[in-house]
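J.: Could you put together the complete structure from these sequences and hints?
Protein chains: 2
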Amino acid sequence: MKYTALIMAGGRGERFWPKSRQSMPKQFLSLTDDGKSMIQLTVERILPLVDMEDIFIVTNQDYRDMVHQQLPGVPEGNILCEPVGKNTAPCIGLGAVHIARKYGDAVMAVLPSDHMITYSSIFLNTLRDACAAAEQEGKLMTIGIAPDSPETGYGYIKFRPDQAAGRAFSVDRFVEKPDLETAKAYVASEQYLWNSGMFIWKASTILQALERYLPDIYGGLCRIRGAVGTELEQQVLEREFRAFQPESIDYGVMEKADNIYVLTGAFGWDDVGSWPAVSRIKKTNEYGNVVEGNVVTVDTKNTIIQGEGRLIAAVGLRNLIVVDTEDALLICSEDSAGEIRKVLENLRICNRTEYL
Amino acid sequence: MKYTALIMAGGRGERFWPKSRQSMPKQFLSLTDDGKSMIQLTVERILPLVDMEDIFIVTNQDYRDMVHQQLPGVPEGNILCEPVGKNTAPCIGLGAVHIARKYGDAVMAVLPSDHMITYSSIFLNTLRDACAAAEQEGKLMTIGIAPDSPETGYGYIKFRPDQAAGRAFSVDRFVEKPDLETAKAYVASEQYLWNSGMFIWKASTILQALERYLPDIYGGLCRIRGAVGTELEQQVLEREFRAFQPESIDYGVMEKADNIYVLTGAFGWDDVGSWPAVSRIKKTNEYGNVVEGNVVTVDTKNTIIQGEGRLIAAVGLRNLIVVDTEDALLICSEDSAGEIRKVLENLRICNRTEYL
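As they're listed, the protein sequences go chains A and B. When we follow the numbering used here, the leftmost residue of the first sequence carries the number 1, and every step to the right adds one. When we follow the numbering used here, the leftmost residue of the second sequence carries the number 1, and every step to the right adds one.
Hints are supplied without guarantee of correctness; some may be wrong.
Chain A is faced by these chain B residues, among others (derived, beta-carbon under 7 angstroms) [claimed, not checked]:
no.: 1; residue: Val295
no.: 2; residue: Cys332
no.: 3; residue: Ser336
no.: 4; residue: Glu339
no.: 5; residue: Tyr355
no.: 6; residue: Leu356
Cross-link-like lysine-lysine pairs, in silico, DSS-like; alpha carbons within 30 angstroms at most [said to hold, decoys possible]:
no.: 7; chain 1: B; residue 1: Lys301; chain 2: A; residue 2: Lys301
no.: 8; chain 1: A; residue 1: Lys283; chain 2: B; residue 2: Lys342
no.: 9; chain 1: A; residue 1: Lys342; chain 2: B; residue 2: Lys342
no.: 10; chain 1: A; residue 1: Lys282; chain 2: B; residue 2: Lys342
Okay, the calculated beta carbon distance ranges per label pair [stated by the list, open to error]:
no.: 11; chain 1: B; residue 1: Glu354; chain 2: A; residue 2: Asp34; range: 29 to 35 angstroms
no.: 12; chain 1: B; residue 1: Ala243; chain 2: A; residue 2: Lys282; range: 51 to 57 angstroms
no.: 13; chain 1: B; residue 1: Cys350; chain 2: A; residue 2: Asp65; range: 52 to 58 angstroms
no.: 14; chain 1: B; residue 1: Ser23; chain 2: A; residue 2: Gly268; range: 49 to 55 angstroms
no.: 15; chain 1: A; residue 1: Gly338; chain 2: B; residue 2: Asp179; range: 41 to 47 angstroms
no.: 16; chain 1: B; residue 1: Cys350; chain 2: A; residue 2: His68; range: 40 to 46 angstroms
no.: 17; chain 1: A; residue 1: Arg348; chain 2: B; residue 2: Glu190; range: 56 to 62 angstroms
no.: 18; chain 1: A; residue 1: Lys283; chain 2: B; residue 2: Ile349; range: 55 to 61 angstroms
no.: 19; chain 1: A; residue 1: Gly77; chain 2: B; residue 2: Asn351; range: 54 to 60 angstroms
no.: 20; chain 1: A; residue 1: Gly309; chain 2: B; residue 2: Arg341; range: 50 to 56 angstroms
Worth flagging that the hints you see were computed from the coordinates, not collected in a lab. Every residue, glycine too, gets a C-beta built ideally from N, C-alpha and C.
T.: Structure follows, in structure tokens:
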């Protein structure tokens, strides 16, 4: 069976402000030392398994040109644009509709566009097994990451250690982001994995699951499918998407479905959720600093400085994040990275949209 | 007797980088909320006591135009330019030569150009008393500040509490910047004042003291005096200044002379020695921040942010100094303000003089 990929690239990525903006979200930024954007790395990584013409990108209409520019090899017809973001269930459903229409049926690997993976060969090996398993009727495959700490920023997947099917384990349930005590208990139990947000299934399988668990969305998708290729396509797409209730695939399907299996990945994974993650994925110098641009440091440690042309002098700093762009500068303590959204709220309230 | 003032304005003010540059040192910057520069405030403050045409400025040749621009009321002939800085003794000597030549003799109030004084009327009252006392033959008057903490960044003046002459006390000795333990002992003794760097004497008195304690400099000053008004003036000035050994008036004269008296000032004094001082002299908001420019703060306290046009977002900061200019940005922890000079050293070594 044909292997395809659906790469989700509609996110706004506010947590990397001021480098990320509404016009330039995280998936289109380079956060690594090689200069390639997150989405370019995501595509490059899977090419040994999925042909370029079988890769689909779901994104927002605003980013169509950016996707085409960064990924000129992806056929233009494979860039699927949501009129409005309604979380992952409608997004994945739209992809499944197009894949089912084009191929009859196919395995689809649903992948985030903005995560880091260190060991591509191990990842591919895992993904290949997941695709093979997904060919079986009705199987919903996922990839879970063995935790190295009790993270509270991730959802978790509880698996059944005594029910293995090849390399995969049967999934007991999906759980949302826990508090710290719960996360510690999860890790101690040795039965919980981080939910990587990667799913592998046949288009027919996920469409059946949507029909069962999210019938309203499924109905809308059917109407969209009926209009694809007609002059009404855009109009129907707009109407149905605006009518959808926002719904995540995790909550809407995975927390309800059975026949879910998880493969554990050990390929170095990071969701690069906010600026402090950059010190994990970029080279740090002997003082623990990640420094780019025109920078002079004096007695400065564990600090991320992302400069552009202007001289930045850092003196006596610890655990700070400094991001300098032409029109906006962020200075943030590492522990406060979660508060960057408050800056954006403030800008929004004051209608200073030029900075968003 | 005529009262004149000699305002010393040759300093480079590296400690306010990147706002202060070689081309724009601290005395020409506004560090207060009223928008006036330090030297403008210094002149304005003494006008009730000293006429504008009797105010002399000693500065570096590079700053002649800046002085004239900021102080258009000061006669151009009163702007005295050192060919090269040789510390305060030659600087004050040059001023005394010009004042003695113009007035025969006159009281001269020697004042730094870059200190803050909060209560001008009290300062003037003190200065008036000092000028009156300085008319007496051979008296070297100074102004000392009663310490409110054991500062290690100032020199101290030890006075004789039992030898008062009117409001003034006889000075026992001048001492250089102490270590913390010594400074604590000074304050506990109730016999030491901060050396404000303000001196009041007749031109004839200081020239006699220079003749006695710094005869080489005195000799050079005599040759300069002989050339003033001739076509050789600039040539002789250059030659003599280049030949001078650098010498401070404190070390070269005040630590050796007797007949020194100190008046204690209680007018709110700050030498504004480095960026942290700005939070003492500018308005702070309810979080202890001094914020100027296009700034959004979130959970930020006791931080100085001096912005210009660009947006600065400060998130989760404590005790930081952020100074943004068009071509250079400084981010410095309050405790490390003394290390800013290391940035300048680095820039000098790398020959990046455009930032100095």
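J.: Decide, hint by hint, whether the structure agrees.
T.: Now for the hints, and whether the structure bears them out:
Because the beta carbon of Val295(B) sits about 10 angstroms from the nearest beta carbon in chain A, more than 7 angstroms, this interface hint is broken. Because the smallest distance between the Cβ of Cys332(B) and any Cβ of chain A comes to about 4 angstroms, under 7 angstroms, the interface hint for this residue holds. The interface hint given for Ser336(B) holds, since its Cβ lies 3 angstroms from the closest Cβ of chain A, which is under the 7 angstroms cut-off. A distance limit of 7 angstroms between C-beta atoms decides the matter here; for Glu339(B) the minimum to chain A is near 5 angstroms, and the interface restraint holds.
Because the beta carbon of Tyr355(B) sits about 6 angstroms from the nearest beta carbon in chain A, less than 7 angstroms, this interface hint is met. The restraint placing Leu356(B) at the interface with chain A is violated, with a minimum CB-CB distance near 11 angstroms, outside the 7 angstroms limit. At most 30 angstroms may separate the alpha-carbon atoms for a hinted pair to count; Lys301(B) and Lys301(A) meet this at roughly 21 angstroms. Taken as a hint, the Lys283(A) and Lys342(B) pair is honoured in the structure, with Cα atoms around 25 angstroms apart against an allowance of 30 angstroms.
Between Lys342(A) and Lys342(B) the CA atoms are separated by roughly 35 angstroms; this puts the pair beyond 30 angstroms, and the hint is violated. A threshold of 30 angstroms between alpha carbons decides the hint, and for Lys282(A) with Lys342(B) the separation of about 27 angstroms falls inside it, so the pair holds. In this structure, Glu354(B) and Asp34(A) meet the distance hint of 29 to 35 angstroms, their C-beta atoms being roughly 31 angstroms apart. Checked against the hint of 51 to 57 angstroms, the C-beta distance between Ala243(B) and Lys282(A) comes to roughly 55 angstroms, which is consistent with it.
Checked against the hint of 52 to 58 angstroms, the pair Cys350(B) and Asp65(A) fails, with Cβ atoms roughly 41 angstroms apart. For Ser23(B) paired with Gly268(A), a C-beta distance near 51 angstroms keeps the hint of 49 to 55 angstroms intact. Taking 41 to 47 angstroms as the suggested C-beta distance range, the pair Gly338(A) and Asp179(B) conforms, at roughly 43 angstroms. As the Cβ distance of Cys350(B) to His68(A) is approximately 42 angstroms, the hint placing it in 40 to 46 angstroms holds.
Arg348(A) and Glu190(B) have their C-beta atoms about 58 angstroms apart, which keeps the hinted 56 to 62 angstroms range intact. Lys283(A) and Ile349(B) have their C-beta atoms about 25 angstroms apart, which leaves the hinted 55 to 61 angstroms range violated. The hinted range of 54 to 60 angstroms is satisfied by Gly77(A) and Asn351(B), whose Cβ atoms lie roughly 56 angstroms apart. Look at Gly309(A) against Arg341(B): about 24 angstroms separates their beta carbons, and that is not inside 50 to 56 angstroms.
Checked against the numbered hints listed earlier, the structure breaks hints 1, 6, 9, 13, 18 and 20; every other hint is satisfied.
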